[in-house]
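*Asks:* Here are the chains, one letter per residue:
Number of protein chains: 2
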Amino acid sequence: MCSTRTARRSIGRPRPVAGIALRELLLDAALTLFGEQGIAGTTLAEIASRAGVTPAMVHYYFKNRNRLLDAIARERLLPILTSVWSPVLESTEVVPMLRGLVQRIFKATEVNAWLPSLWLREIASEGGQLRTRLFKLAFFDYVRHLISTVTAAQRRGEINPELEPRLVLISVIGNTLLPLATVGMWQQLPAVLQGVTREQIARHAEALLVSAFSKNLGSARGR
Amino acid sequence: MCSTRTARRSIGRPRPVAGIALRELLLDAALTLFGEQGIAGTTLAEIASRAGVTPAMVHYYFKNRNRLLDAIARERLLPILTSVWSPVLESTEVVPMLRGLVQRIFKATEVNAWLPSLWLREIASEGGQLRTRLFKLAFFDYVRHLISTVTAAQRRGEINPELEPRLVLISVIGNTLLPLATVGMWQQLPAVLQGVTREQIARHAEALLVSAFSKNLGSARGR
Numbered sequence: 007m008c009s010t011r012t013a014r015r016s017i018g019r020p021r022p023v024a025g026i027a028l029r030e031l032l033l034d035a036a037l038t039l040f041g042e043q044g045i046a047g048t049t050l051a052e053i054a055s056r057a058g059v060t061p062a063m064v065h066y067y068f069k070n071r072n073r074l075l076d077a078i079a080r081e082r083l084l085p086i087l088t089s090v091w092s093p094v095l096e097s098t099e100v101v102p103m104l105r106g107l108v109q110r111i112f113k114a115t116e117v118n119a120w121l122p123s124l125w126l127r128e129i130a131s132e133g134g135q136l137r138t139r140l141f142k143l144a145f146f147d148y149v150r151h152l153i154s155t156v157t158a159a160q161r162r163g164e165i166n167p168e169l170e171p172r173l174v175l176i177s178v179i180g181n182t183l184l185p186l187a188t189v190g191m192w193q194q195l196p197a198v199l200q201g202v203t204r205e206q207i208a209r210h211a212e213a214l215l216v217s218a219f220s221k222n223l224g225s226a227r228g229r
Numbered sequence: 007m008c009s010t011r012t013a014r015r016s017i018g019r020p021r022p023v024a025g026i027a028l029r030e031l032l033l034d035a036a037l038t039l040f041g042e043q044g045i046a047g048t049t050l051a052e053i054a055s056r057a058g059v060t061p062a063m064v065h066y067y068f069k070n071r072n073r074l075l076d077a078i079a080r081e082r083l084l085p086i087l088t089s090v091w092s093p094v095l096e097s098t099e100v101v102p103m104l105r106g107l108v109q110r111i112f113k114a115t116e117v118n119a120w121l122p123s124l125w126l127r128e129i130a131s132e133g134g135q136l137r138t139r140l141f142k143l144a145f146f147d148y149v150r151h152l153i154s155t156v157t158a159a160q161r162r163g164e165i166n167p168e169l170e171p172r173l174v175l176i177s178v179i180g181n182t183l184l185p186l187a188t189v190g191m192w193q194q195l196p197a198v199l200q201g202v203t204r205e206q207i208a209r210h211a212e213a214l215l216v217s218a219f220s221k222n223l224g225s226a227r228g229r
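Same order as they appear, the protein sequences are chains S and Z.
7 is the number of the first residue of the first sequence in our numbering; add one for each residue after it.
7 is the number of the first residue of the second sequence in our numbering; add one for each residue after it.
Isolated chain S, as found in the complex:
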């Protein structure tokens, strides 16, 4: 999408309307590059070049790398997090909650192809440059609701007591963003492992989580 825009605007300030579009275009370019090669491996000049403008435009809109990362967290990650997580509050049942989460995560990664690898490198990894910025955004109410819903169901004896409610968040991520982030890696593997599709990942994630968190599964399972 970004690469089709080749018009350059190298002199003076951009007009307001073009300015808004250009700012979004620069965020798109930054996210695409960050997903491909990491934040540390990407220069502001590369972002400008990918968006088809001069480096001065990046400085004009974002001043510096820190401000650019702040903008990405606030203007791009927060809306995605909110759209994925906020419907959780509408439900008090674990299985529909998990199904919905998985489906919305897949939808979000369809629109934002950079999301899984950005998550892996810049949020999950130690020293990731978006981790602290993300933790300042207020989405923990949703996670708390998920945890308390699982805890309540567990107290009613509906969910395997060996599952840990505080780990449900990471189980969801580990079965969605992790396989999506590493699916490119499969191509380097022996034939039997190749060719896993997004649809298979989505179906597998949903089936796995639904099986694990369905009612009355805990009782029959001894060690």
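Since the hints were derived computationally from the structure, they do not count as laboratory data.
Some clues are possibly wrong.
The list makes no distinction among identical chains, and a pair is therefore deemed to hold if it is satisfied within one copy or across any two copies.
[Unchecked claim] As a list, the in silico SDA-like pairs of lysine to any residue whose alpha-carbon atoms are at most 20 Å apart:
| no. | residue 1 | residue 2 |
| --- | --- | --- |
| 1 | K142 | M191 |
| 2 | K113 | V101 |
| 3 | K142 | Q43 |
| 4 | K221 | E168 |
| 5 | K113 | D34 |
| 6 | K113 | V178 |
| 7 | K221 | L50 |
| 8 | K142 | G190 |
| 9 | K69 | Q160 |
| 10 | K142 | Q200 |
| 11 | K142 | L195 |
| 12 | K113 | L195 |
| 13 | K69 | A119 |
| 14 | K69 | E30 |
| 15 | K221 | E164 |
| 16 | K142 | S55 |
| 17 | K142 | V189 |
| 18 | K142 | E132 |
| 19 | K142 | W192 |
Given the structure is predicted, the values throughout are model-derived calculations rather than measurements.
Once you've looked at the hints, dock chain Z against the given chain S.
*Replies:* Here is chain Z on its own, set in the frame of chain S:
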């Protein structure tokens, strides 16, 4: 362990016996630092310093960074992979196979504390410096056996048909190494999420995978 060794040996070649110990000590130091700060963020001088020797010793034993990484893959990752994965071949039943895998992964990370974060940054992440080296090591026979065991059980109608056998490997990793690699991150989160222990992660992983891959769970689950 490494930091307790402070003896320096800065002149001449090390004696053979001390040499073997020192080589292992350097591998230990390298793995600890790589786990803490990543391969790209670690200099050979830091490795030497952590092991309490001069940088010349690192060059003496490993020549350069590439040879050091080759040695790590062959002498440290391969034995761990083999000990975790080879018992898989002894079983043709999915649940004991998954239980055993989870338990051996936790045991391996107990002894090798650097393993989860090294996996996340250098194997799972795009551009990770151990990924290609790892894929050259022959452990895919074990993964193939796991896949064919799950496939066979699924054909017998014992496992939810919506699960994808080629994704079982990543489900195991996503519920073991991923939470272990990110457990430090929990401390930055609101109180309700803090304090998850290794034991809880292990129990959760085993319960989740066993529930999802147990017999006769597929039939009752429509979408």
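*Asks:* Against the earlier hints, flag every one the structure doesn't satisfy and list their numbers going up.
*Replies:* Numbers 3, 7, 9, 12, 13, 16, in rising order.
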